[in-house]
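If you're matching them up, the sequences are chains A and B in order. Just so you know, we're using this note's numbering here: the first sequence kicks off at 5 and counts up by one. Just so you know, we're using this note's numbering here: the second sequence kicks off at 116 and counts up by one.
Everything hinted at is true.
Covered stretches of chain B (chain A as the covering partner; in silico rule of three or more C-beta atoms under 8 Å from a C-beta of chain A):
# : region
1 : 126 to 136
2 : 146 to 155
3 : 228 to 235
4 : 239 to 252
5 : 260 to 269
Estimated spans, in silico, between C-beta atoms of each pair:
# : chain 1 : residue 1 : chain 2 : residue 2 : range
6 : B       : H159      : A       : I155      : 35 to 43 Å
7 : B       : I146      : A       : V21       : 46 to 54 Å
8 : B       : R198      : A       : L27       : 24 to 32 Å
Subject to a maximum C-alpha distance of 35 Å in a straight line, what follows is the list of computed DSBU-like cross-link-like pairs (lysine-lysine):
#  : chain 1 : residue 1 : chain 2 : residue 2
9  : B       : K226      : B       : K276
10 : B       : K126      : A       : K126
11 : A       : K28       : A       : K127
12 : A       : K28       : B       : K244
13 : B       : K244      : A       : K94
14 : A       : K126      : B       : K185
15 : A       : K54       : A       : K66
16 : B       : K226      : A       : K127
17 : B       : K244      : A       : K25
18 : B       : K185      : A       : K127
19 : A       : K28       : B       : K185
20 : A       : K17       : B       : K226
21 : B       : K189      : A       : K28
22 : A       : K126      : B       : K193
23 : B       : K193      : B       : K276
24 : B       : K276      : A       : K25
25 : A       : K126      : B       : K244
26 : B       : K276      : A       : K126
27 : B       : K189      : A       : K126
28 : B       : K276      : A       : K28
29 : A       : K25       : B       : K189
30 : A       : K28       : B       : K126
31 : B       : K149      : A       : K66
32 : B       : K226      : A       : K25
33 : A       : K66       : B       : K276
34 : B       : K149      : A       : K94
Hints in this document: simulated from the structure, not taken from any laboratory. Glycine included, each C-beta is placed from N, C-alpha and C at the ideal position.
So you can see what is in the structure, the chains are spelled out below.
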Amino acid sequence: MERNIKKTDGRQKQLIVAFHKALKSFISALPTITGVVLLIGLFKTFITPKMITSVFTGEPFKDTVLGSLFGSILTGNPITSYIIGGELLKDGVSLFAVTAFIVAWVTVGIFQLPAEALFLGKKFALIRNILSFVLAIVVAVATVLTLEVIII
Amino acid sequence: MKEKNGDKTLKYSLYFLLSVVLLYVFLFLLIPWKIYHSLQIALHIFIQIIPVIIAVITLMGISNYFLKPKTVTKYLGKESGVRGWVLAICFGILSHGSIYVWYPLLKELYKHGMRTGLIAAFLYNRAVKIPLIPLMIFYFGIPFVVILTIYTIVASVVEGKVLEGINHLSPVIEE
Chain A
5 MERNIKKTDG RQKQLIVAFH KALKSFISAL PTITGVVLLI GLFKTFITPK MITSVFTGEP
65 FKDTVLGSLF GSILTGNPIT SYIIGGELLK DGVSLFAVTA FIVAWVTVGI FQLPAEALFL
125 GKKFALIRNI LSFVLAIVVA VATVLTLEVI II
Chain B
116 MKEKNGDKTL KYSLYFLLSV VLLYVFLFLL IPWKIYHSLQ IALHIFIQII PVIIAVITLM
176 GISNYFLKPK TVTKYLGKES GVRGWVLAIC FGILSHGSIY VWYPLLKELY KHGMRTGLIA
236 AFLYNRAVKI PLIPLMIFYF GIPFVVILTI YTIVASVVEG KVLEGINHLS PVIEE
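Chain B with its partners taken away, still in its complex shape (with noise of 0.2 Å):
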């Protein structure tokens, strides 16, 4: 049954790089040097995701060795509470890099048990970005962002409690 899921995650993942590549040579016809320079944008944020590609694949391993149903129910399971909380609000805060590479960890760490609205919090906390916060200062100052920090903190636990109510009623994620 996980062969069949992983076989289709890579079926429809192919099939998305295929209509986006088709959708590439088609301008590419129409107007070449706009699409050339769009390889050299992708290409470079390929570069700069590199470094992040491979911290996630080393947490993947990590924790796949590490973290056993067992321990991610604890921490970050049913049973969690407050402190499941904190450790999502804390992780998306340190997180860093392109959103997409979480995707897989997060995936993960869901069949390994986390919860729902955990996997939200941790995704709404990626807005925190601590070695930014001096150039956000320069921006808009420092009480801008401090109430915005708070705020963002706080609304990270209200779609993480929505999308639970709604996962309660209707699973949100498909096993």
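With the rest of the complex left out, here is chain A (with noise of 0.2 Å):
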């Protein structure tokens, strides 16, 4: 009977640790979250949707490059990305570039970018956000040729 109070007192220890262990370092990671919600208002407050479909030029390689491009530096809920890509669509900008906006939009991150650092190393957040602004380009690619040969 002891040993099972002493066994469950000793658990609960545990559990307050891991708790509080848990919240020490997430307090240590508090302030850079609060920097990159900061700048994430105020990109929203000098870029507009408008401005972004501006850029792009009418030919599909340079503007899925720039889709990508401008998918890895803007940031925001993805509903915002299905949004401009469904506009970006509208306006003639090729799929490609679409597809590469929306993907680099969730893969690619330019403005968490020292958060990522911060915590799992400049190499590893560098290496990761190049990797997949490159695959951005190649999973567009891939994909409207997919589907170009399905619907064909």
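Each of the two chains sits in its own frame; use the hints to bring them together as a complex.
Written out as structure tokens, the structure is:
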């Protein structure tokens, strides 16, 4: 009986220590998260969807790279990327570019880079984001080509 | 040593926040109405991410309690094999909220033995958003969404493998 009580006390202590550690770890992340959120606030004020649409040229390859580039820089809820993507398609921007845009929107994070570098290391953050930028283009090309083959 | 690393993270974290605050102050002097709008957006984002922050802290606490390095190594470590990839892909797809909220948890899991490639796969698969699939179908159609989802999962593994290859030559995450 006494042994069981001691065991329960020990587990409770371990649980408190585990949550205390988690909270402490998160508190150290809070200034970075706040900084990133403030940066996103600035960005959303100064860059409008209209400004993004006006950048595309009409050349599929160039637009795909541009799509990946803008998706990498822009940030926010993916819903916004679908809405902008839908508008871009209506405006005649190629599906290659729009796909690269919506993929890079979620997989690459320029604004989140300082936070990612702080927690997972500069090298990891840089390589992962560069790879994601390139892969957004590859995924876009593969998706649209497969879609074309299936539809035809 | 661990304390030193934590202090260093907090120090750089505070420097980063201070720089952003200074940028806000500078811009406020030039265009106060726009900066007021930015602050409103930032506050709105904060309110939105609070539930995710609570979920992440809870997950971190649970993982600290239950996940011993041996368990993490078994399921997400070097010996995890295909099961590790599948777990990272599934967790990435199921995780929601802002990406930066997940970094502290991933760092903890890495310390416990999670593979670098699986961290990358987790982060990449956040591109697959199950709750947003109906909206995506509305804009782009079912075939597009299905094909894109498949290629996204494949790309996550490619990215993870490439990162692991680079990590093999020289570590990409500092201890």
